Structure formats: C-alpha cells, structure tokens
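K.L.:
These protein sequences, in sequence, are chains A and B.
Position 47 of the first sequence, counted from 1, bears residue number 47 in our numbering, the numbering being contiguous throughout.
Position 251 of the second sequence, counted from 1, bears residue number 251 in our numbering, the numbering being contiguous throughout.
Source of the hints: derived by calculation from the structure; they are not laboratory data.
Computed from a predicted model, the values in this text were never measured in an experiment.
Just so you know, even glycine gets a beta-carbon here, dropped at the ideal spot from N, CA and C.
Certain hints may be false.
[Said to hold, decoys possible] Which residues of chain A face chain B? A partial, calculated answer using Cβ under 7 Å:
| hint | residue |
| --- | --- |
| 1 | Val45 |
| 2 | Leu102 |
| 3 | Thr137 |
| 4 | Gln177 |
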Amino acid sequence: MTSLVQSLNSATRKIPAWILYVLGMVPVAALTLQLFNGQLGIDPVKTLEHELGEIALQLLIAGLAITPLRNAFGLNLIKFRRAIGLLAFAYVVMHLGVWLFLDMQLLMQQILKDLVKRWYITIGMFGLLLMIPLALTSNNLSLRKLGAANWRKLHKLTYGAVLAGAIHYVILVKGWQLEPLIYLAIVVLLLAMRIPPLKRVRLV
Amino acid sequence: GKIATVKSRYSTSEKPNSFEDITKYNNFYEFGTGKDDPAKYAGALTTDPWSIKIDGMVDRPGTYDLADITKGVTMEERIYRFRCVEAWAMVIPWVGFELSTLLKRVGVKSGAKYVAFETLERPSEMIGQKRRTIPWPYREGLRLDEAMNPLTILATGLYGDTLPNQNGAPIRLVVPWKYGFKSIKSIVRISLTSKQPESSWNMLQPSEYGFYSNVNPNVDHPRWSQASERKIGGLIAKRQPTLMFNGYEKEVAGLYKGMDLAKFY
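One chain only, chain A, in its complex shape (with noise of 0.2 Å):
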C-alpha cells in the first residue's frame, strides 16, 4: 500500500494540473455531441441537466476528498484541486444554464417562484451561490491578497456547497432513492473525516 500510494504520488507529480481542464471538457463535448445526435433519450433536456449535475457532485466529492486522501493514505493530490473545483463551479454553472434556458425556457415568474417556494431549488441555488466567493478567489492573486490562513477560512465554504449539491439531489428526486442517498453518505463521511478525532486516523 505504501509502495502504492508512492508510485501514485511521483506518477502524479509528472502530470501537469492544466490537463485536468481539458479532460474535464470532455464530457461537454460528448454531451453536446450526443445531444444532435439524438442520443439523450426522449427528454434530452432533462438528461443533459441531470448529467451535468451529477458530473457538478462528482467534482465537488473529488475535491473534498483531496485532503482525507492524504491524511488518511497520504496521497497527495492537492495541486489537482483548483482545476478540480472550477470545473466543479463551470458544471454548476452549465446546470443552472439549462434548467434556466431549456428546461424553464426562461418563464421568470415561475422561475422566481420555484427559487422560494421549492427546498431542492432554495438548496441548490444556495450552494451554486456559496461556489461564487470560491471561484473568483482561486487564482494566486486572491491567495496572496487574502493570505493563507484568511484563504483557507473562506474556502471552507465548500464543505457548505458540497452539502448542498448533496442534499439537492437526494429531495429532488422522489421517493428515497439510492443512488443520491449513496453520494450524500460519501460528502457526510468525507466531511467527517475533517473532525479532529478522525482527522489524525493512518490508514497508511
């Protein structure tokens, strides 16, 4: 495992982080591909917000995960994590867009509405707006005007916007279904990870 989890750790350091942006492009390009292609299903819309949505949580979990991973195993990935969390935002972003454009065709009354009036949207929204601070301050600039300490405070934000993403997706679907209910786990245990106790736990 040691041996692993060092092979991994000099493998990655070779790896530029701008390589993450262009990968993370990826599945845009495949959806929109899919997209003319007929290839969403018979509700196109609904499919390209779900998945952009969930590929939003995905990032967001990897990012949370970067520093349990190297507590916990002592993998370090964390010069990943900037490229992983603005992609996260851009996936936010893009599913606003489509439920905004496509899905609610811009009907602002009703979109008003369902912002005040509907718990999933309230949360999602509320954790879109949480990622905006993050996403203007996660350049070196930000880093250096705020300072470290300053920095990382406020960056602490995402644990509140993961939660969200989370939370999100397990009210807007009906019933108690379990695939949501599985990624709100993971966020839960991911954020536990980061009390104290469990904190210092070596797996490796």
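The hints should help you fit chain B onto chain A, whose structure is shown.
P.N.:
Frame of chain A, contents of chain B only:
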C-alpha cells in the same frame, strides 16, 4: 397483435407523441426508477395468462380471466392528453373501454363508494420490486363517480396494437384528468369499497400526493410548480400552460362541485 377499434368522441385532435416517446419514457417503478428502465426490463413480465380478482362490494365477485373481461367489449381508440405530476406531458392514443362497462357487468352493490386497484407484485419478473422504493403492491383508487365517468378507461392497447409491457400490459387504468400515477398499470385486483382506499404515493408522502391528484395549474405540488408543463417530443420539450383538469374540465368539473380543490388535492 392488432386490435380492431372504433373512434371516440372523447379523443383529442392533438397530434399524438411518437410510439418511441410513449414506450421509452415511463415511470413504472416496478421495473426501476429511471425513465428508460421500464423499456429495458419490462420484457421479463409474463402477461398471459392474466386474471383480475374483482371483490368487495360487488354482486359477482371472482377471479376473471382477462379474455373474459374483454370478450364482447367494443374497443375504442382514445387519444388522450397525459400529464405526469413531474410536469411533463404527452398525447397518447390508447385502446380501451370504459371502466364503467366492467363495473356494470360485475354489479356494484349499493353502499360502494370507491374503487381500489392493485398492480401485480411479482419480484421475480419485476426487478424494481426487489427494493422497497414503494410499499408493494402499488395501489390506487378512485371515487365511484370518477370511476364511472366515461373518460375513465381500462386500456389494453396503444397505437392500435397490444399494450407494451412498459406501459402497463396487459391492462391498465387511464384517468386523463388526473396526474399519471393515478392511472395504475398491470392491474390484478379491483375492489369496491365503502371507505376511501389507500394509494401508494399518498401513503409515502401524503403532503405531496393527495388522493384526488387532479391536474390543476393553481394547486402547486411542493416539488413542482404545476403552472406549466413540458410537452415531450423533439430536441427541446416546449413549455406550455397547464390546463385545468388537463383540458377535461367540461367533462369532469361537475364531479368536484363545491369541493375545495386546494384541500382535496
């Protein structure tokens, strides 16, 4: 196989959705919660032989073979608007007959006020039933006057042919002025009762799904605004305003005269 039908004055003149739309986009949790799950997994369901147990407050209770139920019945083509509580809509050319025809044949006893329905429970063929997404079997119900309304049909076909399994074969209910989940699929039991029967979604989340569940743009579902609906079809399902009672106001508004529809949702 092809089913001989006659036209009906209750059909809408709107253009039906494609066979593909109707058969590949289904909520039928017995086969999974994904919209494409029923098309993938419903093929496993054995629909012949099939019988329906008719019991409760009827003169001639019993277990009726499907062939007996449909024997001598004139099948009609009923092109109905279909509206899901999730705020999407289609137009569907059903083949079926009025539920009242069957209820009259078995004889409804006086004192009966409701009709309860149950879907088949057969986890070996209905893989979605291996998990308790819903307390199986799926249950639905109507008030007797709703059940006797000429719009309420038992459908056995689609597009002039036998009903595909994912659409509720071999026999399902269609109540076009109510949200789709009221139109229970693959029926194995019909009971006449004096008390309002249980219905599955109402049992699960009573604040969200009422017994009546009439399509109503003015009564919001906690999850979905019902003011508009997305008409499935094409690249982008077009949003259109929701019609009161899904456009069947003339035929059914009288059933609810004097009732507060926000309370009895």
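K.L.:
Hints first: check each against the structure and report whether it holds.
P.N.:
Hints and how they fare:
1. Val45: Constraint on Val45 (chain A) satisfied, holds at 6 Å.
2. Leu102: Holds: closest Cβ of chain B sits about 6 Å from Leu102 (chain A), inside 7 Å.
3. Thr137: violated (34 Å)
4. Gln177: Hint holds; Gln177 (chain A) Cβ to chain B Cβ min 6 Å, cut 7 Å.
Hint check: a violation occurs at hint 3 only; the rest are consistent with the structure.
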